[in-house]
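Protein chains: 2
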Amino acid sequence: MDISHTSVAGQADARAPLAGFRILELGHYVAAPFATRLLADLGAEVIKVEPPAGDPVRQWGARYKGSAPWWSVHARNKRCISLDLKKPGAREVVLDLVRGCDALVENYRPGQLAKLGLGEEALRAARPDLVIARISGYGQDGPDRDKAAFGVIGEAIGGLRHLTNHAPGTTDLPPVRVGVSIGDSVAGIYAALGVVAALLRRARTGAGGDIDVALTESVFSLLEGALPEYGTLGTVRQPTGGAIATAAPSNAYRSRDGIWVLIAGNSDPLWRKLAGLMGRPDLAEDPRFVGNQHRVANARELDGLINAWTGTLDAEALETALREANIPHTRVFTVADIAADPQMRARGMVQEVEDGLLGPILHPGVVPRVDGVPNAPRSTGPAVGADNDAVLGEMLGYEPAHIAALREGGVL
Amino acid sequence: MDISHTSVAGQADARAPLAGFRILELGHYVAAPFATRLLADLGAEVIKVEPPAGDPVRQWGARYKGSAPWWSVHARNKRCISLDLKKPGAREVVLDLVRGCDALVENYRPGQLAKLGLGEEALRAARPDLVIARISGYGQDGPDRDKAAFGVIGEAIGGLRHLTNHAPGTTDLPPVRVGVSIGDSVAGIYAALGVVAALLRRARTGAGGDIDVALTESVFSLLEGALPEYGTLGTVRQPTGGAIATAAPSNAYRSRDGIWVLIAGNSDPLWRKLAGLMGRPDLAEDPRFVGNQHRVANARELDGLINAWTGTLDAEALETALREANIPHTRVFTVADIAADPQMRARGMVQEVEDGLLGPILHPGVVPRVDGVPNAPRSTGPAVGADNDAVLGEMLGYEPAHIAALREGGVL
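From first to last, the protein sequence lines are chains A and B.
311 is the number that this note's numbering gives to position 311 of the first sequence; each next residue is one higher, with no gaps.
98 is the number that this note's numbering gives to position 98 of the second sequence; each next residue is one higher, with no gaps.
Note that these hints are calculated values from the structure, not bench results.
Take these hints with a grain of salt, some might be off.
You can't tell identical chains apart in this list, so a pair holds if it fits in one copy or across any two.
What the hints assert, rightly or not - DSSO-like cross-link-like pairs, simulated, lysine-lysine; straight-line CA separation at most 30 Å: (1) Lys65 - Lys147; (2) Lys147 - Lys87; (3) Lys65 - Lys115; (4) Lys147 - Lys115; (5) Lys273 - Lys65.
Since the model is a prediction, treat every value here as computed from it, not as a measurement.
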């Protein structure tokens with residue numbers, strides 16, 4: 001599938017859920033661009049405004065042919081225009097774009113756009129029913145709104161870092177960072193949800209709306225019962241490492257060839273089967289391990305026994321044995337395992353795509369899947385300013401001389 | 001604020017984004033109920049159908065006055081009716097409900113509802129423009145669709161478990177589970193997004209739609225550039241513990257009183273300030289630590305030096321010093337820290353609520369925030385079947401004798 005960028009970035013299938021909606025992104029890094037990528041994946045036309053030097057993510061992570069493969073995905077299905085918001089004339093371009101857009105998604109520091117003449121009043125004067133979604137570290141108000149937003153710090157304030165660790169007393173190593181920008185990404189999904197909900201309200205009432213997503217709060221929203229438990233009982237939830245606090249055995253166990261294999265044997269029948277498979281049916285009758293409550297209380301011993309057994313088998317043999325015994329399990333997937341997985345392939349979650357700049361590349365599919373079909377990307381992440389002429393010329397109707405003047409002035 | 005359940009569960013402020021939409025939940029555990037809670041938080045009327053024995057989450061986690069405080073949040077803003085889907089007559093009640101609903105959210109095993117006479121055809125016969133959102137472990141098709149869905153296994157297949165670990169060779173401890181049901185929750189947010197996007201399309205085209213969310217794929221969607229990097233360069237992303245692969249120093253460091261404090265000193269000026277604060281300005285000139293690239297290459301040594309310093313100060317003194325030096329930092333928040341945080345309180349993210357069953361309790365606020373106001377919950381999680389009479393009688397117009405017969409037959 002060749003999906004070279006120039007042709008179709010804005011042209012989704014008319015049946016896509018968000019076909020016909022136009023979203024302006026004033027974003028950088030992860031959160032806002034991820035929100036708009038999700039909206040673009042669902043069919044919206046997204047116009048991303050970037051400084052002429054480019055979004056820093058263009059250089060993040062591994063590099064290939066001079067740019068980050070991540071960019072191919074991060075900016076797919078978008079049109080990219082360059083604009084130096086600090087230059088005179090840039091503000092007017094943004095407001096012209098706003099006039100033609102249904103929503104704006106931004107993740108500048110709170111108040112920053114207002115300083116550039118792009119505060120709420122100016123935006124709403126250009127487009128009264130605009131939906132404005134703002135993503136920030138701490139939210140648009142409150143005593144901490146002006147603090148610098150670092151993802152890892154927001155994740156710690158949201159409570160996730162404390163819980164992503166081995167049980168107290170197990171190790172001196174620090175709590176682990178969730179190995180991805182979880183706070184930014186979850187904030188991005190919430191922002192996408194907020195934009196679409198506000199557009200649905202607009203369809204009913206005609207009014208725009210404001211969506212305010214904080215990275216800290218997005219993370220905190222994932223904490224299940226931790227807050228009401230603290231509020232009623234005063235209990236402070238603690239981390240449990242690879243295990244689950246309330247069920248055993250459930251953990252990652254190491255095979256002889258050093259691969260971690262998850263085993264969820266945490267019901268009486270499953271545990272009985274597992275003990276049999278281990279050649280230790282006696283353990284299923286051992287009072288320390290009879291019933292989930294006892295197994296949880298003695299989980300470290302239990303995990304030690306299971307680890308001693310898994311360490312005698314290579315991962316492939318271990319997985320075969322678990323599969324034949326019908327015990328839920330999986331090896332811990334690396335991205336290589338994902339790329340080769342028949343289920344991921346069958347569902348279009350791993351797609352081979354031709355990137356105009358990078359050549360053949362793998363893209364993840366669209367989540368959520370709509371109407372039973374895996375959606376293919378319409379385009380891959382374009383070069384800086386690739387759509388300047390198309391957007392400013394065709395969409396806004398600027399004369400070539402006007403565009404040339406903006407280019408000469410360093411605005412583009 | 002007293003928000004006893006009986007009065008207002010379905011009655012959101014007319015300005016709420018999803019006011020006027022009615023959603024039916026055939027859900028249990030975390031994913032589908034979390035999706036509908038988000039929709040309810042945004043103003044939708046949600047009717048949750050539960051087996052007479054109740055959703056298992058009513059007993060999950062810590063218990064207080066005989067039930068889980070989590071439930072107060074997990075089922076807030078919802079109406080709960082009981083229904084034994086395996087009993088004759090239950091199917092007709094569900095179809096009567098479907099007729100009056102805009103969307104259905106379910107997380108049964110794929111095909112399970114069809115076996116109960118509630119397949120797509122029956123649902124669409126009752127309500128042709130219904131939006132149907134299904135959440136499952138692996139998706140509604142493909143070779144693995146019938147596999148049992150365990151959250152921890154789905155998270156491992158999605159690639160997150162591998163990345164949430166100390167760097168290879170650092171420890172024999174297993175990769176850590178993200179300390180919450182991250183896969184279920186992220187799948188729930190995606191399902192909410194899918195429902196609202198499909199409703200927005202329905203407003204334009206009149207047609208319903210199908211949303212298919214897999215837990216594995218929801219997790220995989222968070223993996224940033226891992227797949228395109230693998231596809232172009234063949235590199236397999238590896239975990240980096242508490243650090244970030246591309247910037248240093250950034251990690252959690254332990255204070256003298258044993259509290260983990262995150263420090264993000266990962267720019268040249270910030271590192272210079274930090275070295276000064278440590279009383280080691282010479283380190284900023286040390287060739288091992290000049291420039292981010294060298295710092296990343298020598299991150300373990302660097303982290304060791306910083307840890308040696310943080311270990312001489314109690315967390316409070318450490319935080320004061322970092323704050324005065326303007327170096328981004330935070331202690332790793334527990335839920336107790338969150339509950340006391342002025343920013344969380346100011347933003348309405350920690351709210352004191354009166355639960356009709358449990359008494360005073362803390363609820364997290366609504367994410368995303370809409371129109372600049374923190375939304376208060378309209379009601380707390382109700383008892384099993386609390387809304388049977390209201391929903392079946394007032395909404396569906398069933399006669400009291402009809403409801404009594406359903407109750408006697410064990411259908412309710």
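Using 30 Å as the alpha carbon limit, work out where Lys65 and Lys147 are close: within a copy, between copies, both or neither. Neither, since 36 Å and 40 Å both go past 30 Å.
Within, between, both or neither, where Lys273 and Lys65 count as close if Cα-Cα is 30 Å or less: Answer is neither; intra-copy 52 Å and inter-copy 36 Å both fail.
Up to 30 Å between alpha-carbons, please classify Lys65 paired with Lys115: within, between, both or neither. neither (37 Å within a copy, 52 Å between copies)
Reference check for the pair Lys147 and Lys115, CA-CA at most 30 Å: within, between, both, or neither? within (17 Å within a copy, 54 Å between copies)
Status of Lys87 relative to Lys147 across identical chains (alpha carbons, at most 30 Å): within (26 Å within a copy, 57 Å between copies)
In this structure, the earlier hints numbered 1, 3 and 5 are contradicted, and the remaining ones agree with it.
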